[in-house]
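Engineer: Chains as they are written, first to last, in this note's numbering: chain Y, 1 to 576; chain X, 1 to 158.
Everything labelled a hint here was simulated from the structure, so no lab data went into it.
Fair warning: there could be bad hints in the mix.
[Stated by the list, open to error] Computed cross-link-like contacts, DSSO-like style, restricted to lysine-lysine with a CA-CA straight-line distance of at most 27 Å:
{"id": "1", "chain 1": "X", "residue 1": "66", "chain 2": "Y", "residue 2": "309"}
{"id": "2", "chain 1": "X", "residue 1": "90", "chain 2": "Y", "residue 2": "142"}
{"id": "3", "chain 1": "X", "residue 1": "66", "chain 2": "Y", "residue 2": "66"}
{"id": "4", "chain 1": "Y", "residue 1": "202", "chain 2": "Y", "residue 2": "330"}
None of these values were measured; they are calculated from a predicted model.
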Amino acid sequence: MKPRSGAKVIIESFVQEAVDAVFGIPGGAVIDIFDELNKSPVNFYLTRHEQGAAHAADGYARATGKVGVCIATSGPGATNLVTGLATANMDSVPVVALTGQVPTSMIGNDAFQEAYTSGITRSITKHNYLVKDVNDLPRILKEAFLIAATGRPGPVAIDIPKDVQQALTSVPYPKEIEIRGYKPTVKGHLRQIRQVADAIKKAKKPVILAGGGVIASGAHKELHELATRARIPVTTTLMGLGTFPETDPLALKMLGMHGTAYANYAMVEADLIISVGARFDDRITGKLSEFAVNADIVHIDIDPTSIGKSVPVDIPVVGDARAVLRELLKILEPPRTAAWLKKIAKWKKEQPLAYKDDDALRPQYVIEQVCALTKGDAVITTEVGQNQMWAAQFYTYTKPRTFLSSGGLGTMGYGLPAAIGAQAGLPGATVVDIAGDGSIQMNIQELATACLNDLPVKVMILNNGYLGMVRQWQELFYAENYSFTCLRRGKDCPEDCDHSFENCPKRAIPDFVKLAEAYGAVGIRVTKKKDVVPAIKKALATKKPVIVDFIVEREENVYPMVPSGGSLKHMMGGMA
Amino acid sequence: MRETIAVLVENRFGVLARVVDLFSTRGFNIDSLNVAETMDPAVSRMTIVVQGDEAVLEQVRKQLSKLVDTTKVIRFFEGDHVEREMLLAKVSTQKRGRPELMEIARLCRADIVDVGETFLTLGFMGAKDEIARLLELLKPFQILEIARTGPAALGRGK
């Protein structure tokens, strides 16, 4: 093969792996890659911050199911990717991140823009590499795409010194690759699956717990068949939203800290929990010693380390969710669940998700209207905090890959760049970022990326002037000591603010409408409930990025709520 | 509980750091770790002694297996393997005299690997309890410094 540069090999890998969108920012140590990128058919999106590039690659991957790719330069470029990689890692999102590095001869010399990227990213990636020889580059790139996308997906970082990008190699890009130490178990053990079938047959109060693994493996159809044939109710984790249509009577919606009362009650009373692609995170189990004490637990997961990590498991099945469910469906014998479903229906009727539907402009109402006006068909991204939980609760999800949110790491500033990535991957889709006025400011610079690339994302800011979720915890658990959570507080505020809002200065910093306009987007402000629907309609009809600034009830809380470390039995609030 | 685990890994840049990182990231307690090339220069063998309850030890084994650079994790049980560790001990001859120290070395089959005016350095290979016993015997002489490798382990039989 004719020798070509490392930079050319990188572009070759994009073409071979069918990468159609790349996000990033150039810099001294990656100019060679960009030099080649410019000559290639690959779509490149220039973000305004490397964190935005990482989240955009992540949003692209979650929305399309393909591997997301981002590029950053050495040193600060690489360290700016860190939050995005950690976000993708916690939520098992396939991302390949390429970082430039100072030339090999200078590594370790504290060179200009040098950081120990492979060390920094080691614990927040599925795997990472430092390429020291250009002849290893074709293999490493092939391995990276394979590792990112298969098994339990995750981010892979490749650190490539500048001289390696420039050096020539005639090693071809491999068609197939075998990695000795990497063999994810796809097929579940048949004896284990038979045990699952037996347990289902005997169960009186079974519940299916569906997580992000169902989306990763594309198992939603099999999950639906399992639930409907066996008449078993389904609750989902935050990451599992969309795996089972919430319009189905068997749907319990989300469980856990801010889950529905009926989902949590079902978990408490269940005699069998069938977990598919979920990892029993602390936000869903509550107090571990009181979690699902009445139930046998089936845990289907492709990652053996997830099984038995926090909850003792009765029937573990290591394997791909789709492959395992397919085998299970062959031998499935439905249990008798009529009485159980009747009981759950009663809970649903008695304690639905609710909020005070009065004349005030409440955030939950906004989300319900977004859902109604997009016919539940939008791709929703969220920031983190109250906005995220309300988006999880009050939008009705029916399809996988329509709810993109930083679940594990809880990264504020995720929503806007993720929406940009999703829109880049799905040009025809309606992409809506449900945001808070705190979170949105953490990556607001990406509005430029959206505007300049004609990515017409819609940002719905639920503006309460607070870091709302922390404010809620301060109200409930810190004796209303609202320290540093008011985003409208300034030097002109009374020193002893009593949070009555009477003395609040009449200003908004930033003015999100002006901010939108400054970037070339459309800004709309809504202060009254009656203006919510027209504003959303206008936003959806606009072919440009739009920010709608909803000035909502300041002290609205997210309910129901299981206090951190509490039992799922004991929920606070939630009644209208 | 204490457990000895052998891990076969790719002999590549950064693999040792990755394994060590895993222990600190996950909060596992590591007693000792040694690593060296095997007969296949592309593969290194690590012997790791860890502490923890059964749940922790299970996580340790699973997390080690999960690393892309790991090709095999071998779990050892009581009696199914041999373990040997090397000890170097620099011991003062001023308190109880050189002849007595040499006598202990001879009886315990330790080598004298370095001789100084006021000390002897003993080299010894043995199982954990043998090393403990030797150190007990050396204590009255005043031990100036020791270096231990941590055990290496191999399964018994084929």
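Engineer: Does each hint fit the structure? Answer for all of them.
Structural biologist: Each hint tested on the structure:
This hinted pair checks out: residue 66 of chain X and residue 309 of chain Y have alpha carbons roughly 14 Å apart, not beyond 27 Å. As the CA atoms of residue 90 of chain X and residue 142 of chain Y are separated by approximately 52 Å, the hinted pair breaks the 27 Å bound. At roughly 23 Å between alpha-carbon atoms, residue 66 of chain X and residue 66 of chain Y fall within 27 Å of each other, so this suggested pair holds. The hinted pair formed by residue 202 of chain Y and residue 330 of chain Y meets the criterion: a straight-line CA distance of about 17 Å does not exceed 27 Å.
When each numbered hint is compared with the structure, a violation occurs for hint 2 only.
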